[in-house]
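Chemist: Using the sequences and the accompanying hints, generate a full structural model.
Residue numbers (the working numbering), protein chains in the order written: chain A, 1 to 612; chain B, 1 to 547.
Please keep in mind that the hints were generated in silico from the structure rather than gathered at the bench. Any given hint might turn out to be false.
To be verified - Cross-link-like lysine-lysine pairs, in silico, DSBU-like; alpha carbons within 35 Å at most:
#	chain 1	residue 1	chain 2	residue 2
1	A	Lys347	B	Lys365
2	A	Lys347	B	Lys94
3	B	Lys116	A	Lys266
Stated by the list, open to error - Computed Cβ-Cβ distance ranges for the label pairs, DEER-style:
#	chain 1	residue 1	chain 2	residue 2	range
4	B	Val328	A	Glu519	37 to 47 Å
5	B	Met332	A	Leu571	31 to 41 Å
6	B	Gln355	A	Gln261	50 to 60 Å
7	B	Ser544	A	Glu144	46 to 56 Å
8	B	Lys543	A	Val425	51 to 61 Å
For each residue, glycine too, the CB sits at the ideal point set by N, CA and C.
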Amino acid sequence: MNGSPGPLLRLLGSMKTAVVTLTALTVALAWGTIHESIHGTPAAQREFYYAGWFSALLGLLAVNVAAAALLRYPWKRQQTGLVVTHLGIIIILIGAMVGFQFGVDGHITLLEGQSANAVVVQQETLHVADAQGATLRRIAFDFENSPLPAGGARYRLGGGMELELQAAHANIVEALVVEHGAGEANPALHVKLTSAAMGRMAAFEEWLLPRDPNRSEVSLGPAALRVVEAKTPQELAALTAPPNPAEQTGKGTLTIEVAGQRFDFKLDDVLGKSMSLGTTGFTAQPHEYFADFRLDSKTKKPISVSDQPNNPAVLLVVAGPDTEVRFFLFANHPGMNIARPAKGDGKNVTANYSVGPSARGARIVVIAGPGNQLNYASNDGKGKFKTGELKKDATIETGLADWSLQVLDFVPDAKLRMELQPAPVNPNDSRRSPALRVVLRKDSAASPPVWVRWGQPTMLAAGDARVTLTYGWETHPLGFTVKLDKFRAKRYEGTEMPADFRSFITIEDNARGLTRQGEVWMNNPVTYPADWFGVRGFKFSQSSYREGQAGEPNETTLGVTWDPGWPLKFLGFWTLCAGIFIMYYMRAFFFAPRSPTPPSGTKLEQNAANKR
Amino acid sequence: MNNRVTSILIGLAAVTCAAQAQLDFTAAGRLAVQEGGRKKPLDTFAREVVQRITGKVSLNGRDPMDVAFSLAFAKGETEWSSQKIIRLGYQPLKARLGFQATDNYFSYRELADNAKLRPLFDELNRSQQAEGKRKAKDPLGDEAGALAAKLRDVESLVDSSALKLVPHPSDPDDAWISPADDAKMKSYWPNDATKIRDAFLAIGTAYRGGDAAALTRNCEAFAGLLRQLSPKVYPSQQALEHEIAYNHLRPFRVSWMLFLVSLLALVTTAKLRSPLFYWGGLALFTGGLGMLTTGFVYRCLIAGRPPVTNMYESVIWVAFGAALFALVFELMYRSRFFAASAAGFVVLTLILADQFPNVLDPSIKPLTPVLRDNFWLATHVLTITLGYAAFGLTYALGHVSLAFHIWKPSARPQLDALTQYTYRAMQIGVLLLAAGTGLGGLWANYSWGRFWGWDPKETWSLIALLSYLIVLHGRYSGWLTTFSLNVAACVCFNTVLMAWYGVNFVLGTGLHSYGFGTGGLGYVAAFVAADMAFVAFAAWRFKSAAA
Numbered sequence: 001m002n003g004s005p006g007p008l009l010r011l012l013g014s015m016k017t018a019v020v021t022l023t024a025l026t027v028a029l030a031w032g033t034i035h036e037s038i039h040g041t042p043a044a045q046r047e048f049y050y051a052g053w054f055s056a057l058l059g060l061l062a063v064n065v066a067a068a069a070l071l072r073y074p075w076k077r078q079q080t081g082l083v084v085t086h087l088g089i090i091i092i093l094i095g096a097m098v099g100f101q102f103g104v105d106g107h108i109t110l111l112e113g114q115s116a117n118a119v120v121v122q123q124e125t126l127h128v129a130d131a132q133g134a135t136l137r138r139i140a141f142d143f144e145n146s147p148l149p150a151g152g153a154r155y156r157l158g159g160g161m162e163l164e165l166q167a168a169h170a171n172i173v174e175a176l177v178v179e180h181g182a183g184e185a186n187p188a189l190h191v192k193l194t195s196a197a198m199g200r201m202a203a204f205e206e207w208l209l210p211r212d213p214n215r216s217e218v219s220l221g222p223a224a225l226r227v228v229e230a231k232t233p234q235e236l237a238a239l240t241a242p243p244n245p246a247e248q249t250g251k252g253t254l255t256i257e258v259a260g261q262r263f264d265f266k267l268d269d270v271l272g273k274s275m276s277l278g279t280t281g282f283t284a285q286p287h288e289y290f291a292d293f294r295l296d297s298k299t300k301k302p303i304s305v306s307d308q309p310n311n312p313a314v315l316l317v318v319a320g321p322d323t324e325v326r327f328f329l330f331a332n333h334p335g336m337n338i339a340r341p342a343k344g345d346g347k348n349v350t351a352n353y354s355v356g357p358s359a360r361g362a363r364i365v366v367i368a369g370p371g372n373q374l375n376y377a378s379n380d381g382k383g384k385f386k387t388g389e390l391k392k393d394a395t396i397e398t399g400l401a402d403w404s405l406q407v408l409d410f411v412p413d414a415k416l417r418m419e420l421q422p423a424p425v426n427p428n429d430s431r432r433s434p435a436l437r438v439v440l441r442k443d444s445a446a447s448p449p450v451w452v453r454w455g456q457p458t459m460l461a462a463g464d465a466r467v468t469l470t471y472g473w474e475t476h477p478l479g480f481t482v483k484l485d486k487f488r489a490k491r492y493e494g495t496e497m498p499a500d501f502r503s504f505i506t507i508e509d510n511a512r513g514l515t516r517q518g519e520v521w522m523n524n525p526v527t528y529p530a531d532w533f534g535v536r537g538f539k540f541s542q543s544s545y546r547e548g549q550a551g552e553p554n555e556t557t558l559g560v561t562w563d564p565g566w567p568l569k570f571l572g573f574w575t576l577c578a579g580i581f582i583m584y585y586m587r588a589f590f591f592a593p594r595s596p597t598p599p600s601g602t603k604l605e606q607n608a609a610n611k612r
Numbered sequence: 001m002n003n004r005v006t007s008i009l010i011g012l013a014a015v016t017c018a019a020q021a022q023l024d025f026t027a028a029g030r031l032a033v034q035e036g037g038r039k040k041p042l043d044t045f046a047r048e049v050v051q052r053i054t055g056k057v058s059l060n061g062r063d064p065m066d067v068a069f070s071l072a073f074a075k076g077e078t079e080w081s082s083q084k085i086i087r088l089g090y091q092p093l094k095a096r097l098g099f100q101a102t103d104n105y106f107s108y109r110e111l112a113d114n115a116k117l118r119p120l121f122d123e124l125n126r127s128q129q130a131e132g133k134r135k136a137k138d139p140l141g142d143e144a145g146a147l148a149a150k151l152r153d154v155e156s157l158v159d160s161s162a163l164k165l166v167p168h169p170s171d172p173d174d175a176w177i178s179p180a181d182d183a184k185m186k187s188y189w190p191n192d193a194t195k196i197r198d199a200f201l202a203i204g205t206a207y208r209g210g211d212a213a214a215l216t217r218n219c220e221a222f223a224g225l226l227r228q229l230s231p232k233v234y235p236s237q238q239a240l241e242h243e244i245a246y247n248h249l250r251p252f253r254v255s256w257m258l259f260l261v262s263l264l265a266l267v268t269t270a271k272l273r274s275p276l277f278y279w280g281g282l283a284l285f286t287g288g289l290g291m292l293t294t295g296f297v298y299r300c301l302i303a304g305r306p307p308v309t310n311m312y313e314s315v316i317w318v319a320f321g322a323a324l325f326a327l328v329f330e331l332m333y334r335s336r337f338f339a340a341s342a343a344g345f346v347v348l349t350l351i352l353a354d355q356f357p358n359v360l361d362p363s364i365k366p367l368t369p370v371l372r373d374n375f376w377l378a379t380h381v382l383t384i385t386l387g388y389a390a391f392g393l394t395y396a397l398g399h400v401s402l403a404f405h406i407w408k409p410s411a412r413p414q415l416d417a418l419t420q421y422t423y424r425a426m427q428i429g430v431l432l433l434a435a436g437t438g439l440g441g442l443w444a445n446y447s448w449g450r451f452w453g454w455d456p457k458e459t460w461s462l463i464a465l466l467s468y469l470i471v472l473h474g475r476y477s478g479w480l481t482t483f484s485l486n487v488a489a490c491v492c493f494n495t496v497l498m499a500w501y502g503v504n505f506v507l508g509t510g511l512h513s514y515g516f517g518t519g520g521l522g523y524v525a526a527f528v529a530a531d532m533a534f535v536a537f538a539a540w541r542f543k544s545a546a547a
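Modeler: Written as structure tokens, this is what we have:
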């Protein structure tokens, strides 16, 4: 920089560039945090902090900081602070770049007794291994940022093999496929339920199988849809007969416990009467019954808004020696039950109110058979009963709320198989199962298209070629084994608040012939291989845990990092601090103060300096 | 019970015992109780629970111990269940429950009988279970959860289950139990259960009878019995005394009062130029600082860690830092501006901490595991909050300077000196904020295994640092005039507010979740808006004067 610096350097190192770059960075960061609070951390990291434009901005900052220092060369003594500060910033930024490019930032999750020899890194990969398990190829993806091209992609595996990636889908489910021609009776019904009021969410469309207990009934909130098979006309008649009204009218059961003794009453029998409770000396009296309880908004008094048992409630008084408790009991919401002692503490008296399912259980039954006929029977649980014939594709009102039912298909002789199919994607669903559809080719032979599911190694064959595909997070070999011996979480006294949780690990390094034991807890990582500054070693730090229930092993997740940029960041940080300190507080030591302050201030500043 | 008089107190119909007004709760306050993961005097517990339920430091001037005892030992439900003691201020929740928007206090019965409340609790429970975890932000859910906790607080006092006064026989880390819990009492103390229970009931009897001497005697007997039965577990008299002394001294309240007097003394006597008033004001200032220090020492003794682990403590620490820097500068420059500006800032922050216990919770709580490292807690957190403090001083000086620009534009020497002071304070802030942020990185590298991860708290402290760097560079290049440096000192403090308060209370995401809280946003926003209006007014005045 002897002589006059070029105009480009002067522009890059100018104060104007500095202020513009700093302002742009500040605005971008502020925007990024707001974005994060709305769209979540991954989105913010993808679109801001680890995006290309952001790295470019940081790069510009580094260039600006460097140029500003270089422009002032040869440096005067009083510029020491400025140069050291700028040097610190550059070292930190280089350290960040080194760490980002070469570092490992992953985790391992272990159950007690388990061990691992590789770190899981948040990078989607498809790992291709040959029949012997040797890696043929590792293909990294980032579908969020660069989706698969419409025509798919092809990868050479060597040895004349080629892998065609046809599709990637973020959620694949095993779906039931129903076909005709089982050669025997096996009814299957494709049923659709819609409700105008409850919107699209409540729509239900699925194959139901009367012979499969797991697929013969669906629960629709308070109601249930069931498919059954009628082999004979008698069976059909029984299923379509109206229910016995005697079962319908019951008001339910009261259960009262006094001093450890239990008493059950049918509310119909005892409403309004006073009953003595055995030899306990207590009496109970159900004063009032509310079929459809509501608290009147004006009078604040309980009322029944209809005679339908939609929200049955009972006012019950239990009295005894030195005790009187007024209960308000709710059959559908036992959590709302109120017990108010009018005398005594009432701790020895409890009561509950329940109404049997016959009065409440709304359901619709679709009956297949005998033969090819279809019928239905619906019961809204309040006495309304409906039955009739069902035609394929015809929509009928079920009589349950505003549900309408449609049988889209009826296969009396169903042949069943399961098939992987793309399903709707909910990005927040942690249990969704992403998969890749691939075809393996060798010479003229090709495998059928196969979905390779997340985390499930899948074998593919084409001609005599065999490969195993594993789709999942990238792993990074450690070069040694980490075993979780045990995991313990301590609580703060008398609470469930964790005070301290730690993993006891054993590291077995066969290459060096070493075995090390360590404890990892918050603020106490274990580094292996250990060295004086943690430059070479992987750092294991306690991240999260899950305690096993009822004797199951505990599970721990350790963060595993290796950051080759760490020494630079450390050095850069202290250089930066030293630089600022020198700049502001050691000017007296480095001679004449510059004057960033107005003339009148300079005197004060000098005074201050002299005092020191 | 004949001596009961009914008195209608402002805003609530509370039944108090005339005799109980004279009861002395000193001995009762010294009972040890286990709550919230630590052992504490009953005095602290009563204060905390009354503050949780009522949202106020004291209820109608009644001793919190009296309120807690009246709930725990009162006979029959009428005494407590109709008292309007439960605070519910959140309008959307009141609207949902069909309450009057103007009412802020409700009785237990009103809430328990509300037909919409239990279904709301059920709904929230269900949605939480369905989500698997708490949604990032759900103010109604948070407020309903807080209300449920208040109801539980009342219930657990009424049935005595909250009074976990009886220690484990031998294990200091095990749970304590309530003397009313018969089953557990028998398993903990098979031989002494009845004795302990009777001693406990005697306290209630003495309280109900309004017998001050018996209350003291019975409480001492109860504590003596438990200490003798479980000497290893029961906390020492001295530890309990420390905490009670802290509770009664209220050092932070005394402190802001001293600072307020100091501020008035320094401002009103500015024209007199009398060293007596100057040093007097400064002595009051130093007294306030001393009181702050006393409070910190107490909190350290009680909690066994540096007192900067939640918003309340950090607010007080920032006040302390600002006062400390101001005192050092004052001794260097003898200008009065430092002490007066800092006193203003400190009074403001300490009153906030003192008067809004719902937002800034003063209770001492155990730490989340990640913070359990006194070395890093002391270095990183103290440094970064000292940085905030220096910027707080900058901010205060900036305002004084702007005020001079508006109302005394002719006072050139003062203006130049003030600007110089603002610049000085800003330098300290930049050094400390840079160091504190970097120390955070070192801690994160140590604890989480990475130096920097663009966590919102990290990012905002960097934003704050960058915004001051912009100002310093602008000043260095001469683009920022004397006036605009002061404007910047006021404006940039908003980034500190965001890093300090906003990330934890507004954004609510990220790894620093142990500092998160709710509340106060409306007030903070109004304050910032009013402040920025003042700055804009100053700028307008300055511009029109220059034209």
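Chemist: Each hint: holds or not?
Modeler: Now the hints, each set against the structure:
1. A:Lys347 - B:Lys365: This hinted pair holds, its Cα atoms lying about 33 Å apart.
2. A:Lys347 - B:Lys94: Holds, at roughly 31 Å.
3. B:Lys116 - A:Lys266: 29 Å, holds
4. B:Val328 - A:Glu519: 37 to 47 Å: 43 Å, holds
5. B:Met332 - A:Leu571: 31 to 41 Å: 33 Å, holds
6. B:Gln355 - A:Gln261: 50 to 60 Å: Holds - the Cβ-Cβ distance for B:Gln355 and A:Gln261, about 54 Å, lies within 50 to 60 Å.
7. B:Ser544 - A:Glu144: 46 to 56 Å: 54 Å, holds
8. B:Lys543 - A:Val425: 51 to 61 Å: This hint holds: roughly 56 Å between Cβ atoms.
In summary, this structure violates none of the numbered hints.
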